[in-house]
Amino acid sequence: MNRNQYIIIFLAFGVFGLITMEMGVIGVLPQVTQKFHISSSEAGSLVSIFALIVALSGPFLTLLTANINRKVILLTAIFMFAISNVVYAFTTKFEVMLAFRIIPAIFHPVFLSIALVTAAQLVPSEKSNKAVNRVFAGLSAGFAFGVPLTSYLAEKISLEAAFFFGAVVSFITFIGILVLLPSMPVKDKMSFGNQLSILRKPQLWIANMAAVSIHAAMFAVYSYFAEYLGEITHMNGSWISIMLLTFGMTMIIGNFLFGAFLYKNMKKTVILFPLLFTVIYLFVYCFGSYFLPMVIIVFIWGAMHSGGIIVSQTLLMTEAREAPEFGNSLFVSFSNVGIAVGTVIGGWIISNLGIRQLAWGGIIFTLLAFLSIIVITAISSTSHIRSTISSSQD
Numbered sequence: 002m003n004r005n006q007y008i009i010i011f012l013a014f015g016v017f018g019l020i021t022m023e024m025g026v027i028g029v030l031p032q033v034t035q036k037f038h039i040s041s042s043e044a045g046s047l048v049s050i051f052a053l054i055v056a057l058s059g060p061f062l063t064l065l066t067a068n069i070n071r072k073v074i075l076l077t078a079i080f081m082f083a084i085s086n087v088v089y090a091f092t093t094k095f096e097v098m099l100a101f102r103i104i105p106a107i108f109h110p111v112f113l114s115i116a117l118v119t120a121a122q123l124v125p126s127e128k129s130n131k132a133v134n135r136v137f138a139g140l141s142a143g144f145a146f147g148v149p150l151t152s153y154l155a156e157k158i159s160l161e162a163a164f165f166f167g168a169v170v171s172f173i174t175f176i177g178i179l180v181l182l183p184s185m186p187v188k189d190k191m192s193f194g195n196q197l198s199i200l201r202k203p204q205l206w207i208a209n210m211a212a213v214s215i216h217a218a219m220f221a222v223y224s225y226f227a228e229y230l231g232e233i234t235h236m237n238g239s240w241i242s243i244m245l246l247t248f249g250m251t252m253i254i255g256n257f258l259f260g261a262f263l264y265k266n267m268k269k270t271v272i273l274f275p276l277l278f279t280v281i282y283l284f285v286y287c288f289g290s291y292f293l294p295m296v297i298i299v300f301i302w303g304a305m306h307s308g309g310i311i312v313s314q315t316l317l318m319t320e321a322r323e324a325p326e327f328g329n330s331l332f333v334s335f336s337n338v339g340i341a342v343g344t345v346i347g348g349w350i351i352s353n354l355g356i357r358q359l360a361w362g363g364i365i366f367t368l369l370a371f372l373s374i375i376v377i378t379a380i381s382s383t384s385h386i387r388s389t390i391s392s393s394q395d
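For the sequence shown, my numbering gives the first residue as 2, with consecutive numbering after it.
Please keep in mind that the hints were generated in silico from the structure rather than gathered at the bench. No experiment lies behind these values; they were computed from the predicted model shown. Some hints here could point you the wrong way.
To be verified - Calculated cross-link-like contacts (lysine-lysine; reagent style BS3-like; alpha-carbon spacing at most 25 Å):
hint, residue 1, residue 2
1, Lys128, Lys268
2, Lys202, Lys268
3, Lys269, Lys131
4, Lys36, Lys72
5, Lys94, Lys202
6, Lys94, Lys36
7, Lys94, Lys157
8, Lys269, Lys128
9, Lys131, Lys36
10, Lys36, Lys157
11, Lys188, Lys72
12, Lys128, Lys36
13, Lys131, Lys188
14, Lys268, Lys131
15, Lys72, Lys131
16, Lys265, Lys188
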């Protein structure tokens, strides 16, 4: 294994730490509500505020840092992730914890977009997709191991131990990138105008809306995963940790499975995905109170959840290939808009309709995603036909 492959592993590990910090709080929401004496919807704001800040800051910060050494940006972001986890462990005030969700959220989109592009640049062009998928595997591994381990540590040791785990992961990544990654000054500088020009494409905006809808569908339900299994399926803390681990493990499988599906037939995979996700949520609603069926459903649900990330990123980057870093930042930004919207809607459903109805929030968004994908597919097909006619006339 050469140096560049080790760097890709550390980039993936950094994404693992990022997801552990961002989503690990989902698995410990019950402990957070108890420690700070707040409601479930208030605790859910730790997820939604993080996502909202990512959505607002992502593209702008990516543009502002476009000419700064890539290694410096990666190290700064990872350092802030580590410090924030330490603050979560020590603070006794919910307001402080909420404030320190904002700081790492600002660096989140820059780190992820640069990590993806850096991985692609470290290998020959024909292997760039595989390198990007390996970094995305760190994201899936975050759900697979980071989130359930955070939940397990909070359940068996303490909430503080859970957050220290996230800090250790980030510090290890910081050291790995510091030692292995060479200085990466920006050589081919793109002007703001060239990067912003992709925003003129109507397909890009529809792809953004699809990313919002898919992620809202995912997190309207997943943000309250632990509470749903506890209150509706009547699982104890240990079983919830096992289900989080199962969910994440099948996310890793889904990462490579949907990658293969997209490679084989991108159009069909993108169109069918929201329909399949709708079916999963119908099963969650119908069988949520049954222990064994939910164990089986969680296994499939995890693979579909991972597919949502890959499908929406592929759809958006197809329309943003001219400016990959900016395009990736748009994906991170709009996907986090979806996470924020989904988490808020999920919290509203719990407060007003009851947690039993949570799956319907996800279903509404899967159908909106399907509509967006049908529209973008129709526009792309029309553009292709016009291009063919124009070529034949010439």
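Hints, one by one, checked against the model:
| no. | hint | in the structure |
| --- | --- | --- |
| 1 | Lys128 / Lys268 | 22 Å, holds |
| 2 | Lys202 / Lys268 | 19 Å, holds |
| 3 | Lys269 / Lys131 | 21 Å, holds |
| 4 | Lys36 / Lys72 | 38 Å, violated |
| 5 | Lys94 / Lys202 | 45 Å, violated |
| 6 | Lys94 / Lys36 | 9 Å, holds |
| 7 | Lys94 / Lys157 | 22 Å, holds |
| 8 | Lys269 / Lys128 | 24 Å, holds |
| 9 | Lys131 / Lys36 | 43 Å, violated |
| 10 | Lys36 / Lys157 | 15 Å, holds |
| 11 | Lys188 / Lys72 | 13 Å, holds |
| 12 | Lys128 / Lys36 | 47 Å, violated |
| 13 | Lys131 / Lys188 | 24 Å, holds |
| 14 | Lys268 / Lys131 | 20 Å, holds |
| 15 | Lys72 / Lys131 | 21 Å, holds |
| 16 | Lys265 / Lys188 | 35 Å, violated |
The structure is inconsistent with the numbered hints 4, 5, 9, 12, 16, although it conforms to all the rest.
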